[in-house]
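Assemble the whole structure, with the sequences as input and the hints as a guide.
These protein sequence lines are chains Y and E, in that order. Following my numbering, the numbering of the first sequence begins with 1 at its first residue and continues without gaps. Following my numbering, the numbering of the second sequence begins with 1001 at its first residue and continues without gaps.
Just so you know, these hints were derived from the structure itself, not from any lab. Some clues are possibly wrong.
Computed footprint of chain E on chain Y, listed as stretches where at least three residues anywhere in the stretch have a Cβ under 8 angstroms from a Cβ of chain E [as the list claims (entries may be wrong)]:
#1 3-9
#2 16-24
#3 102-109
These numbers were taken from a predicted model, which means no experiment stands behind them. Using N, Cα and C, we set each Cβ at its ideal position, and we do this for glycine too.
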Amino acid sequence: MSWLRPCLGILRMHLRNSLQYRLAAWAQLTTNIFWGFVHAVIIVVFYRYGKQNAGVSSGMNITQAVSYIWLVQIALYLIPTFSIDREIRNKIQQGDVGIELCRPLDLYFHWFTRTAASRFGRFLLQVPPVASVAMLLPEPYRLAPPASLLSLLAAFCSLLIGFLLSCAVVGIIYVLLMQIRWGDGPVIMLTVLTDMLSGSYLPLQLWPAWAQRFLYAQPFASLLDLPLRFYLGTLAPSAFPGVALMQLAWMIIFVATGWLLMQRSLKRLVVQGG
Amino acid sequence: MSLIVLNEICKTFKTAERPPGLFGAMRGAFMRQSKEVKALDRISFSIEEGELVGYIGPNGAGKSTTVKVMSGILVPDSGSCQVMGRVPWQQRVAHVAQIGVVFGQRSQLWWDVPVLDSFELLRDIYRISASDYQKRLCDLTDILDIGGLLATPVRQLSLGQRMRCELVASLLHNPRLLFLDEPTIGLDAVSKLALRDFLKEINQKHGVTMILTTHDMADIETLCQRVMVIGHGRLLYDGLLDGLKRQYTPERRIRAKLAGSCSLTELPGAERLEMLENEIVVYFRPEQVQAQEIIARLAAACPLQDLVVENQSVEEMIARMYREMSL
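Have a look at this one:
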C-alpha cells in the first residue's frame, strides 16, 4: 500500500487548503443556493404552465424534477464537470509540470488524486449548508427526502463511482491541456459536452423520449444523472448492480485512455523556458 | 563508476515561425514554417560522487535542457545518459526519488498554506519515515535558520526566506544528487552568502553531489572548482575554474592617477595604454613582465599621484570568453 501515504497526504493538504479561503467558500455557497433556486423556479413554471401531461410522459414529476435541481447543486462540488483543478491548469500552462515530474509518483495518478482530493474537500465543506437550505425551502421549491433508505444508499455508492469517473474525465482534459499548441478550444468543447450529457443543465429524463436509450448508456450519464435517479426513485435500488457495473466499465475505459495518452504525451513533452 | 555519465546526448527542438504582423498571421494560418534548433549537440561528460560542478553559459545555451535530461523530465533524441546507474527518463519514478531539484524561478511549495504543511506533504510523497523526517527537518531548519517561518504561508515570505524553504524542501528526502537551477536569482547579498555557505556545507559534510547553473559568477567562484561551459548546445569547456581563469584572464591593468601632465604613447613591456583625462591605464601580462618593473617604468615616465593594480573580474572574463567563443 505504498501509494496510500502520498494519497492521504494530498487529501490532507487539500482539506487544509479549502479552509484557507473562507470568503471564497461563502461566495460560492451563495451563488449555488441562488442558482439552484432560480433553476427550481424555472422547473416549477414549466411544470405548472406547460402542457398538462408534461411530467407524465417523462416519468419525472415536479417534486422529483425540483429535487434533481438541488441534488445537482450539491453534487456539483463532487462532480464539477465544468471546472478543472486551477492549480494543475496553472502548472501546465506555466511549465511547472517539470517540478511535478520530479516527484516519485506516476503523474497521471498524482493528478487524479489531487483532483479527487480538492473536490472532496470542497464537497465536505459545502454539502451541509446547501442541503439544509434546500430542504427548508417551502413546497414545491424544496429538496424532497430520498425515495427510501435503500435508494439513498444506492445513490451514494453510485455517486462515488461517478465521482471517480469524473476525475478520470478530467484526467483526459489535463492531457489535452498539455498539448499547449491546441489552446483551450478542445477543452472548452469537451467541457460543454460533458455538462450537457451529464445532466447538470437539465435532467436527462426530460430530454425527448427517442434520445433516452442513448442518453442512458453514454458515459456522462454515469457521472451524475444515473446516481441521482436512485435518490429520486426513478431508478429502483434493484437496478443498482447493473448501473454500477456500467459506471465501473466507463471508469476503467477513461482511466486507461487517460493514462495511456499521458504516457504518450510525456514522451514528447517539452518543458519550455529556463 | 561515475555518478552521472552523459554520452553524445542530442536534443533538437522545433520552433514555429511566422512573419510578424497581421499579414504574417494570415499567412501563418495556412503555411507553417518551423525551424529546428539544436538545444544539445553531442554533449558528453561525467561527474563523480561528491562533486560540486558549476554549469554556465549564456541564456538559451542549453543549460536547463541538460538538467531536464538528467532529471528525467526530457527525453533526448539520441545519446545515452546514466545517473546513479539508471536511465532517468526510463525509470523516472525510481530516479527522482533520489534527486532533489531547486528551480530559482519556480516554486515547489504550496502557495496558500504554511511552509510546514508543504514539508509534510513532501514527507508523505517521498515516504520518509517519521523519525528521519524529524531529524532532517531539525538539522536543515537549524542551519538555514528558518524555524520561525514554518507556520507562515508561503505567499507571505520574502524571496530570500522562500528560497531557504525551497532548499529544505529539496533536501528533506536526503537525495544523493541535487540540481540547482539559478538558485540565487533575485536574492540580496546577505541571502546569497547564506545560501552559498549552506550549499558548501551540505556538499562537504553530507557528500551531496551538486550541479549548479547560474549567471552569478560569484556563486561559481565561491562554490565550484570544476566548471562546464555550454554554448549553442555544445560543451565548450570542462575543467577547473583556475584553468579557465588562466586561459581567459591573461591581462592585468594598472590604473594610475596623474599628478601632472604627461604624454606617454608607449611603455616597454605593456600590451597597450589608454590615456584618460588625468588618468592612465596600462594593460600588461604578468607572465611576460613583472608588475614591479612596469610600475617602475611608469613612475619614471610620469608623475603619479595614486595607483591601483586590477585583475579582471570573473564576470568580465566570462563575457570575454563568450565573445571569443562567438556565443
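Going down the list of hints, with the structure as the test:
| no. | hint | result |
| --- | --- | --- |
| 1 | 3-9 | holds (count 4) |
| 2 | 16-24 | holds (count 4) |
| 3 | 102-109 | holds (count 5) |
When each numbered hint is compared with the structure, no violation occurs for any of them.
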